[in-house]
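Protein chains in written order, with this note's numbering: chain A, 137 to 407; chain B, 137 to 407.
Read the hints as simulated data drawn from the structure, not as lab findings.
Incorrect hints may have been included.
[Stated by the list, open to error] In silico EDC-like links for lysine to aspartate or glutamate, alpha-carbon gap of 20 Å or less:
hint, chain 1, residue 1, chain 2, residue 2
1, B, 267, A, 227
2, B, 361, B, 305
3, A, 267, B, 221
4, B, 267, A, 222
5, A, 331, A, 350
6, A, 360, A, 288
7, A, 286, A, 308
8, B, 286, B, 272
9, B, 331, B, 318
10, A, 267, B, 222
11, A, 360, A, 350
12, A, 348, A, 288
13, A, 267, B, 227
14, B, 286, B, 308
15, A, 331, A, 318
16, B, 267, A, 221
17, B, 286, B, 204
18, B, 286, B, 359
Protein chains: 2
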Amino acid sequence: MQRIRITIAYDGTDFCGWQLQKGVRTVQGELETAISRITGTQIRVHGSGRTDSGVHALGQVVHFDVDDRMASVPWQRALNSLLPDDITVLDCIPVSGDFHSRFNAVRKSYTYTLWLNNGFFLPWRRRYVWKCGPLDLEMLDRGMEMFLGKHDFASFQNTGTPVSSTVREIYEFSRQSGQNRDEIVLRVCGSGFLKQMVRNMVGCLVEIGRGKADPGFVRSLLEKKDRTMAPATAPAQGLCLEAVYYGEEGCDGPDAGRKQSHMENGHDGEV
Amino acid sequence: MQRIRITIAYDGTDFCGWQLQKGVRTVQGELETAISRITGTQIRVHGSGRTDSGVHALGQVVHFDVDDRMASVPWQRALNSLLPDDITVLDCIPVSGDFHSRFNAVRKSYTYTLWLNNGFFLPWRRRYVWKCGPLDLEMLDRGMEMFLGKHDFASFQNTGTPVSSTVREIYEFSRQSGQNRDEIVLRVCGSGFLKQMVRNMVGCLVEIGRGKADPGFVRSLLEKKDRTMAPATAPAQGLCLEAVYYGEEGCDGPDAGRKQSHMENGHDGEV
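Okay, chain A solo, but in the shape it has when bound (with noise of 0.2 Å):
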């Protein structure tokens, strides 16, 4: 068998998100069926984890195992052919089977991009922000420091998914110019995250550069270790997994973590 690794970047709007399901049209289900065409047989692919409905990827990580003489096949070229166009193969590299896209992460990094004008906006931007309006920046700058280090983020958890423990660790948080001059983007990495927890994570950072609250929330928010008193899920369509680390490099520069994924072949990839 030969374990191949690809890196893939998805428009999430018209997925129900990455994980299979009947009847539902999913990233993996795509995937998976175009691989399935190529090889002739039933392929089940593995990622870095799931993303939700409607969220993007510019470098999802994925792993999946093929015959030997499947090994010679030009992945990228050939899914890209078959796959649809809310789907692209950015690269593509055969690993050895010790490789395991979600058990060897080590971090990952997300974008969210706020649309900070309630006056004007563009519209082919609605399926990428989060229309919240104008907000206090250095506000903002200051609820983002709150969540830098190792916190239990039990406040900051949906439910649905049982994990062991609900302690993460947040190397940077930072925010970033967007590609329009009414866009911030916000780049948070960390050792990983908890269901929803950025979008969670967002949402009290809104609430902190709308005034509604003061930066101390979110360390009043994470020793209070309880989610029914956290503000709202900030909504899926301004979230991008940015990209996900295997031991070989830092997140800690805001350009480090477009290196890993995405990087390898020199583009840039704004969402």
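Fit chain B to the known structure of chain A by using the hints.
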């Protein structure tokens, strides 16, 4: 009566074009529905021109007449609160009854976005670019140059809309960098455009950029005045009506065109 002039942006993906048609979703239809909900009477709107199904607009100009007692309605805000999120009113001004969005337009500019890489693609760009693959940009530039000036564009007109003359003047045809490294934006400004003329010009330019014709092909097509000799029409989704001009300013510089309809309030507007 008070005449109102609005500038709108829309994502053409989910519209059957601009023009009102029974039983399908059109930009004109959505606008008339929203305006009529505010006025309580049936209002007809007039656009600077039609756009086809899938074609976007960043600066479509529209006018309509309302009773004097409705003149003080905060139209931009009121319409944006009622319109679906794939149409936005970017600005709104009361104008004299002499103003006509179509008859007074003296110039228009369009952008057409091309994706040049066959191997790499960002899936969220699929509704806004033509993925045409690699092109010889020098040849493309030389082809664009051949369109400049006043010509009979009969070879670049699709049938369906009778016009008194097929002579038009192109003031500018330039290549700009896009928002991703694999994109380029062709910007064309002219006195007016025949049905699908921009897409037909782009279809011809891509043939030249692919080395299947030389730049002189443009001249020979212009001379032949025969649509059947010209290459296929470029797909709709790469096209965006950028701005409509009413005589106050030119459009011969790469930035001039951004001023009129959407830069008044200082916003960039990448498609």
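> Which earlier hints turn out false for this structure, listed by number in ascending order?
Replying inline: 5, 8, 9, 12, 15, 17
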